[in-house]
Structure formats: C-alpha cells, structure tokens
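S.K.: As given, the protein sequences belong to chains A, B and C, one line each in that order.
Mapping to our numbering: the first sequence position 192 is 192, numbers consecutive.
Mapping to our numbering: the second sequence position 139 is 139, numbers consecutive.
Mapping to our numbering: the third sequence position 148 is 148, numbers consecutive.
Hints were generated in silico from the structure; no laboratory data involved.
There could be a bad hint or two in this list.
Unchecked claim - Simulated pairs of lysine-lysine, DSBU-like, Cα-Cα distance not exceeding 30 Å:
# : chain 1 : residue 1 : chain 2 : residue 2
1 : C       : Lys207    : C       : Lys299
2 : B       : Lys25     : B       : Lys283
3 : C       : Lys29     : C       : Lys105
4 : C       : Lys29     : A       : Lys219
5 : C       : Lys363    : C       : Lys207
6 : A       : Lys84     : C       : Lys105
7 : B       : Lys283    : A       : Lys99
8 : C       : Lys29     : A       : Lys84
In case you want the letters, here they are:
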Amino acid sequence: MNIETQDFYTQAILSMSALVGLMSFLMLGQGRLPRLILVFAMQGMLLTLTAILAGYELNSPHLYISALLTFALKVVFIPSMLQKQVFAMNIHRDVEALKNNTAVMLSGASLMVFSYYVLQPIIHTSSMIMLNALVVSLSVVLLGLLLMISHRQAVAHVVGFMSIENGLFFAAMVATDGMPMVVELGVAFDVLVAAVLFGIFFFHIRTSIDSLDVDMMNKLHEVER
Amino acid sequence: MNWAIAIFQTVLFVALAPLLASFLKFCKCRLQNRRAPSFLQPYRDLLKLTRKQPVISQDASWLFCVAPYIIFTMMILAATVIPLIAVDMPTSESADVIVLVGFFAFARFFLALAGLDIGTAFGGMGSSREMTISSLAEPAMLMAVFTITMTASNTDLSGAIHHILNEGATLHPSFVFALFALILVAVAETGRIPVDNPTTHLELTMIHEAMILEYSGRHLALIEWASQLKLMLYGVLIANLFFPWGIAQSFTIGALSFALVALVLKLIVLSVFLALAETVVAKMRLFRVQEYLGFAYLLGLLGMLSHIILESTR
Amino acid sequence: MIAVYLLLALSVLGIAFFAFTGHHKDIGKLNTRINAVSLGITIWLATTVFQHGTILSGGKAFLIDSFNVYLIVLTAFVGFTTSLFSAPYMAHEIELGKLTEGRLKLYYSMYQGFMLAMYLVLTTNNMGIMWVAMEGATLATVLLVSLYRTPESIEAAWKYFILCGVGIAQALFGTILLYYAASQIGDPENALLWTVLYEHAAQLNPKILDIAFVFLLIGYGTKIGLVPLHNWLPDAHSEGPTPMSAVLSGLLLNDALYAVVRNKMLVDGATQSHIAGYLMMGFGLVSFLVAALFLHRQKDIKRLFSYSSIEHMGLMTFAFGMGGSLATFAALLHMTVHSLVKSAIFVTVGHTAQIAGTQKMAKIRGLIKTQPKVGWGLLIGTVAIAGFPPFGVFTSEFLVLLATMHNYPWLTPLLLLGIGIAFAGLFRHIQPIVYGEKPEGQSAIKANLIPVMVHLGLALWLGLAIPSFLSDWFSQATLLISGSAL
Numbered sequence: 001m002n003i004e005t006q007d008f009y010t011q012a013i014l015s016m017s018a019l020v021g022l023m024s025f026l027m028l029g030q031g032r033l034p035r036l037i038l039v040f041a042m043q044g045m046l047l048t049l050t051a052i053l054a055g056y057e058l059n060s061p062h063l064y065i066s067a068l069l070t071f072a073l074k075v076v077f078i079p080s081m082l083q084k085q086v087f088a089m090n091i092h093r094d095v096e097a098l099k100n101n102t103a104v105m106l107s108g109a110s111l112m113v114f115s116y117y118v119l120q121p122i123i124h125t126s127s128m129i130m131l132n133a134l135v136v137s138l139s140v141v142l143l144g145l146l147l148m149i150s151h152r153q154a155v156a157h158v159v160g161f162m163s164i165e166n167g168l169f170f171a172a173m174v175a176t177d178g179m180p181m182v183v184e185l186g187v188a189f190d191v192l193v194a195a196v197l198f199g200i201f202f203f204h205i206r207t208s209i210d211s212l213d214v215d216m217m218n219k220l221h222e223v224e225r
Numbered sequence: 001m002n003w004a005i006a007i008f009q010t011v012l013f014v015a016l017a018p019l020l021a022s023f024l025k026f027c028k029c030r031l032q033n034r035r036a037p038s039f040l041q042p043y044r045d046l047l048k049l050t051r052k053q054p055v056i057s058q059d060a061s062w063l064f065c066v067a068p069y070i071i072f073t074m075m076i077l078a079a080t081v082i083p084l085i086a087v088d089m090p091t092s093e094s095a096d097v098i099v100l101v102g103f104f105a106f107a108r109f110f111l112a113l114a115g116l117d118i119g120t121a122f123g124g125m126g127s128s129r130e131m132t133i134s135s136l137a138e139p140a141m142l143m144a145v146f147t148i149t150m151t152a153s154n155t156d157l158s159g160a161i162h163h164i165l166n167e168g169a170t171l172h173p174s175f176v177f178a179l180f181a182l183i184l185v186a187v188a189e190t191g192r193i194p195v196d197n198p199t200t201h202l203e204l205t206m207i208h209e210a211m212i213l214e215y216s217g218r219h220l221a222l223i224e225w226a227s228q229l230k231l232m233l234y235g236v237l238i239a240n241l242f243f244p245w246g247i248a249q250s251f252t253i254g255a256l257s258f259a260l261v262a263l264v265l266k267l268i269v270l271s272v273f274l275a276l277a278e279t280v281v282a283k284m285r286l287f288r289v290q291e292y293l294g295f296a297y298l299l300g301l302l303g304m305l306s307h308i309i310l311e312s313t314r
Numbered sequence: 001m002i003a004v005y006l007l008l009a010l011s012v013l014g015i016a017f018f019a020f021t022g023h024h025k026d027i028g029k030l031n032t033r034i035n036a037v038s039l040g041i042t043i044w045l046a047t048t049v050f051q052h053g054t055i056l057s058g059g060k061a062f063l064i065d066s067f068n069v070y071l072i073v074l075t076a077f078v079g080f081t082t083s084l085f086s087a088p089y090m091a092h093e094i095e096l097g098k099l100t101e102g103r104l105k106l107y108y109s110m111y112q113g114f115m116l117a118m119y120l121v122l123t124t125n126n127m128g129i130m131w132v133a134m135e136g137a138t139l140a141t142v143l144l145v146s147l148y149r150t151p152e153s154i155e156a157a158w159k160y161f162i163l164c165g166v167g168i169a170q171a172l173f174g175t176i177l178l179y180y181a182a183s184q185i186g187d188p189e190n191a192l193l194w195t196v197l198y199e200h201a202a203q204l205n206p207k208i209l210d211i212a213f214v215f216l217l218i219g220y221g222t223k224i225g226l227v228p229l230h231n232w233l234p235d236a237h238s239e240g241p242t243p244m245s246a247v248l249s250g251l252l253l254n255d256a257l258y259a260v261v262r263n264k265m266l267v268d269g270a271t272q273s274h275i276a277g278y279l280m281m282g283f284g285l286v287s288f289l290v291a292a293l294f295l296h297r298q299k300d301i302k303r304l305f306s307y308s309s310i311e312h313m314g315l316m317t318f319a320f321g322m323g324g325s326l327a328t329f330a331a332l333l334h335m336t337v338h339s340l341v342k343s344a345i346f347v348t349v350g351h352t353a354q355i356a357g358t359q360k361m362a363k364i365r366g367l368i369k370t371q372p373k374v375g376w377g378l379l380i381g382t383v384a385i386a387g388f389p390p391f392g393v394f395t396s397e398f399l400v401l402l403a404t405m406h407n408y409p410w411l412t413p414l415l416l417l418g419i420g421i422a423f424a425g426l427f428r429h430i431q432p433i434v435y436g437e438k439p440e441g442q443s444a445i446k447a448n449l450i451p452v453m454v455h456l457g458l459a460l461w462l463g464l465a466i467p468s469f470l471s472d473w474f475s476q477a478t479l480l481i482s483g484s485a486l
C-alpha cells in the first residue's frame, strides 16, 4: 500500500488531510486573532474542497450539499462574525503572548502521534484513506482542545471549538462517505445555533467584564473560598 | 566525460552564485520601488576586494587567515554534491545528503571560530548567535531531508531525484511539510530576513555580518562569495529536490541545455518568492528565532510523521 | 405512535408560541398546561407500550421500548411538576426586578426547547439524531444559565457551553466511529438506527467499538457530570434559575446516562467482553467518592446539591456498568427516585433562596421557624436523598450494595464509605439551616409546595412498596438492558 500505487483520489484526499492537519498546527501557533480566523477559514475551505472531491469521486450528491453548508458556515458566516467581533473590540492588533509556544507545538506533534496510537488497532480492518482520515480528524480534534487550553481569548476558544467540529466533519465525510443526510443537517443546524449563541455570548462577556479574555472570568471555583 | 561534466557543473555553480544574489537584489529593489544595481555588480565587488590588501588584526592567529579558504572550499565541495543540471554525476555519487549537511556544519564551525579568534565583542556575539541558530536549524533540516530520502529509500541526492522523477506525478502529503520546513531552514541558514538581515550594519541585530566584521580584502571576497554560494546551494537544493522536472538524466547537449533553462526558470521563480517574502515580512526579534526554528522543526517532524502514517507500507 | 408525533409537535408549538407572541400575564400557567398535556400523552404512550410491547414508527425514525418509555414518562412528569413550581417562582423573580419580560419569554420558550430536546433524545431511533438532540439540549439551556446576566452567571454559562460542547464533540467522534463500523456491514443509510445496530451487533468490529465506546463515554459522560469532566455542573446549577437546576439534575443527567447505557448495550453485544462495563464502573465509582468528599467544602446551597447529583449519577453509572439484572434494576429504580427527590429538593432550595435572599448557606438559618413547610420540605428531601429508609433512595442504594456484595465484594466498603461521607456532608450543612433561630429580615414568601409533596410522596411510596405495574416495567427494561431477567 505505498502511496505511488494508490489512485489519484487517494493521493488527493491524503494531501488534503495533511493540509487540514497543518492548518490546525498553524492555528495553534497563531498569536494574532485576525490571522487565526483566516487560517480557520482556510481550513473550512479545504473541507469544502474535500467534500466536493469526495462527492464527485464517490458519486454521492448529498456531499455537495455538505460542501455548500460547510462553505456557508465555516468559510463565510463564522469567520466574518468573529472578524467583526475582533474589530469591534479593537483587539485585532493585539498579539497574544503565548506561553511556552514551542512546548505547545511539540505537544501538538505528540498528540498527532497519540491519535495514531489510539487508532492503531483498527489498521487491519480499514483502507488507507479511512484510517488516515480518522487519524487526522482525531488529531484535529485534540489540537482544537490544545488551542483552547493555550489561548486566553474567547475568540480563540470559539475557533478551537469550531475546528473540533471541522475535524469531526472531515472524519464523517471521508471515512464514512458522509453521515445520513438527516444527521448531517442536524449537526449543521447545531453548529449554526452554536455560532449565533457565541455571538450573543461575546456581547454578554464584553458587557460584564469589558474584555474577551477568559482568564478574567475567575469568579467560580470548585471549592469556594 | 562524466568527470568533465561534473567539473563543468561545479564551475557553473560557483560562477552563477553571484548572479543569483544580484538577481535577488534586483527583484527586491523593484518591489521596493528602488533602482537596482547592475547584474554584474557582485562580480565587480568581488574583483575589487581581491585586488585590495587584507588588513589583519595583530591579535589574529593563523586560524583567522585560513578560515576563508576552508569555508570557500567547503562550499565548493557542497556544490559538487548537489545536482545542478544533471543527475548521476560521479561527484554526487561519492557523497550523500548527510555529508552535505556535514560540509555546511564544517564551514560554519570555522566561521564561528574566526569570529571568536580576534576577540572583539561583535565577533563573539555573532558567533554565539550563529551557533544558537544553527543548532536549532540543523535538526529541522535533517528532518526535512530525511522525509524525502525515506520516500526514496536512499540518502543519495541523485537517487532521490531519480526516484521522484520515475514515480511520475504523485501527491506526497509529506513533501508539502518538508518543503515548507526546508524553506524556513534555508532562510535562517543563509541569513535572510526575517532571521538575519544581510544588508544590515546595525551592530545589535547582526549575526552573519558580525562574524565577518574584521575581514577585508581577498579574505572578505572569499567569504562573500561563499555566502552567495550557500544561498545558491539551498535554492538549487529546494528547486531540484521538490521540483526535479527538467533535470538532465543523460549527458547530451540538448538535455543539458534544456536542464539549464529549466533550472534558471526555477531559480527565478524561487528568488521572486524570496524577494516578495523579504519585502513583506519584518525582521524578527532574536529571541523569537527559536520559535521560528521550532516551527520549522515541527513541520519537518510532521512531514516525517505523515510519511510514516500516511504513505508508508504497512 | 401518533403520541410521539403529538408530543414533539406540542413542544415545537410551545417554543414558537412563547418566542413569537406578545407577553401574557399567565405565561407561566400556559407553560404548565402544555406540560400537563405532554404528561397525559406520555402516559397514553406508556400504556400502549405496556400492552403491545416495543413500537417502531413507520419510517423507523422513532423507537419506543420498555427502557425509554418509562424515562419519557419520568421526563414529562418532572417537566410538569417543575413548571408548576416555576410559574410563581419566575413571577417572584420578576417582582424582585431580576428579570425583564423579554427574558421571561426566552425562559419559557427555551423551557419547551429543552423539553423537546429531551423527548427527542429518548424517542429517536437514530443515534446521530440523539447526538444532535443532546447538543440541542445544551444550546437550549445555555442561555438560561446566564439568564440573570451577572458576571458569575455568564462565566458559568460560558463554562457550561464550552465544556459540554467540547465534551459532546468527543461523543460525535465516537458516533462516527460506530457509523464507520456499521457501514462496513452494508446499508449505510440505515446504519445509525438502533434497531439495525442491535440486530447486527455481533457482526460489528469489536476493536472499533471499543475505541468508539471510550469516546462516547467521555462525551456523554461530560453531560452526566462524571468526574473529572464535571466542572461545568455545579456552576451551571448554582448560577441559573432554580427551576432550570431542577430539570437539569432531574432530566438532562438521566438522559445522558440513557445515551451511555444504550451504547453500552450495543458494545456489550458486539465485543462479548466487559470492557465497557469496567470503564463505567471506574468512572462511576470515582465520581461517587470525589463528589461525596466535595460536599463537605461547599458554601452555596445549590452547589451542595449539584455535587449530590454528581454523586448519585456516579452511583447509577457504577450500577449500570456492573451489569447483571439486580444492579440494572437497582440503577433504573435509582434513576427514578433520584429524579423525583432531587427535583423536589431544588424546588425547596429555590424557595429557601428566595426566603433568605441569598444562596450562601452560612446566611440561611432557622428555616423551620421562618416558613415551616419549606423547612420541613428541605429536611425531608435531604433525608430522602441521603438514603434513609423508608424512602425509595434507600431501596435502590440497598439493591446496588447487594449487587456489589454479590459480584465485587471488595468494592462494598468503598460504597458504604461514600454513602457515609455524603450523608455527613449533607447534614453538616442542612442541619443548621433548618433548625435554630431565624435571623433578622428573613420572612415567608408565597410558595407552591405541591410538586415537593407529590415527588416526596412518590419517593416514599416507591420505598415502601413498588407497585406491580412499575416493577413489571422495570423488569422488562432490565431484561432489555442486561439480557437476563431478575
């Protein structure tokens, strides 16, 4: 199963998955919010392309609908909403000093190895595309978590949250040729509602702590003092 | 015959290096709305420097005088290893990519020693910075190069290029990472923006310039030429390793001249990109260089990983 | 089957009605009426299932079997009684000026939204839709947690949103893995239906299912509030309006556990190993013990009882994980009585907080002297939840202990220790609150204690004698889940 012997579709999907993973890494190291959002939109674009590619190759038209939904939500709607928030808060010039950037990056790489390790048992039962798509999507999910841990801005948390969704969508699309339509529509609806709610929350957080820095939300403790 | 072509190729390498530097300068000047100096200016500079008598500090040891020759020799040796217009050269078969990295390291070692030798503050500072950067850049470079050589199952550059040419148009996810990693490393190693600024003479930000501050005359000429050669070496390495199409696989005049044209085109594209990047990006603070190189290493590592995970046989 | 459609349609209508029509004076009563009708429909549904067995809707979209039908009735019941309580409670909050009318409309609309999501989780035959509905439940309640717009409540809501959202994303990954395993046996369009999955359970790849279950447990476990994924739960419970805490504790946690148990049934069928059970036992036991210890360090009365919820959910997860007919029966019973008692407690806690004007336990004193009904309600509720006979919690905890002694005798001391610690933790806080002299400025309010009495009465009844139709029901569900009759 060397890559040279695979067909073009496999090669293209594998490259896409590598790029989707790369986008997650780029997001991880990004201190400026506008760029972070841009990279997020690029990841969305890659997903759209993957959906179109998969829809064409596997002859399943409903993947085109997924592609359209992804494009509308992940490339246009959510990034523009976040961008607007960032400019409204006048934090687009702030550079977030990331603590231990190198350590975060390297732990990101180890998360990728970890996700391969987790999915190792299913190697023998799956084709190359499926296994790798699952590995990459799991690592995108984990990297999204790491992004949320390492950043302090609420906007970055939303980007992390949504990139987790991206990873899941990638798995659903490539590994299983898309979930049943009704489920996919439901998930897209949830993402849309979540995005709108995030917008509402930004407004609330701003009015309550006058910042979008989640480190300043520290009133509640596990054990009260 | 093969040896003749190999020597011709090396001579071509050495001769074209200043031209590449001047073309890069030309692109940069045009992008920044300035008038560019003539393409021959680097040659004139080198000629002028060789005519002048070198001034050597009284504290300098023999090392200081020997270093430029060693550095220049190392670069020429490196040039013999990298295929420029044809593969299967007897010279490039005698040494593989690890030796190539070794040549670079050897040259750097002597440059750093020379910087320390005189005992001025700037020389020592430059040496220490250079060694810091290279200690971070070298693993990243090896990672990136190993990704390619693992795909080809061959650490020989000619062999790797052959392999890539023969398998036809294959999309390698790992190559994308390796390419980016190698570009980042190349920028750092050749002392370009955003890691170092080759045109700066602002003492506190210098790295490469600080080490060679005490050199003059023909010694300086050799070192300048060597650093132009290094830029060319990296450029050709990237161009021919990732986009080898056009390189001559047989030693006919037609194939060789076609390869030369292809190479020139590749280098033009590459230098336009480099000039664009240097115009857009600002120089980094020194303390952020480790993040930059850490990222390069990460990309190299990801390339290696995606080779193992995505591409290799199970 | 028409009952299911009616049930869902009613909730959708409720959302739309509260969201788009103008303000009503009797908005609370209207909500109560909708929930009362829902309760009626579910009872009708339950009798149908009781008589005819499992129902599968025409398009295979909905599945009602003996396991979920009793949870549906419980959901409708708690939803109804809580709405009884919430009408005067929210009216009082408006009087206090904590809320505006617009937000009250949001509250009622989202109350119905939450009920819709809960019904959908329980009735759907498609595990993908179940995920969507579960996420929908989070989305519906997240704005309710921040209803008061205080910095604390916004922080709690944000935490709730992010943690549950991220957690449930893991469940989606598990679902995708399961779907991937299921689509390998053909018929990908129907591969997520429970009926299809159970039918082909033995053919599914056990390795994939093992991995998938880990993700599903982490995902839905976040919603259950399993330690260490529980951080959102006390915050969301303490900062939101009290009726919300009652339905979160009484319903949302149950439904998340329902999702986990459904998946466990599937994984058990496929892997023939007990790995899923061990995972659940481990998580459950840790949650149970950690939450019991945390009870001692609380200062906020709603946080106290939300930790108690974590403790009980841990116990149920443990019991379901143990498997076997006795443990499963006990867990089902515990689910019921915990829902009843805990929502009753939150109702009294809501009244208590309104009486004292604070949720800080150190400032609430002499409740029996201030308003005896609320004071006794809180005390009896606490006695019930701590597992005193003759309440139902005692019966179910006793059965769990019995099953543990039978299967894993060496775990029994840990369980007993946890129950003891939790008991002490609850009473050291509640005892000074209900007894003692009342402080200045604490006066009685208008309270509706009918839900409390009904819930506690039912819990008492279940403790004294489980009616035969209910025990039949539980036996059927036990047979379905554990594969063996009691």
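S.K.: Compare the structure with each hint and give your call.
M.R.: We went through each hint and held it up to the structure:
1. C/Lys207 / C/Lys299: violated (45 Å)
2. B/Lys25 / B/Lys283: holds (17 Å)
3. C/Lys29 / C/Lys105: Holds, at about 13 Å.
4. C/Lys29 / A/Lys219: violated (36 Å)
5. C/Lys363 / C/Lys207: violated (55 Å)
6. A/Lys84 / C/Lys105: This hinted pair holds, its Cα atoms lying about 29 Å apart.
7. B/Lys283 / A/Lys99: holds (21 Å)
8. C/Lys29 / A/Lys84: violated (41 Å)
Hints 1, 4, 5, 8 from the earlier list are contradicted by this structure; the remaining hints agree with it.
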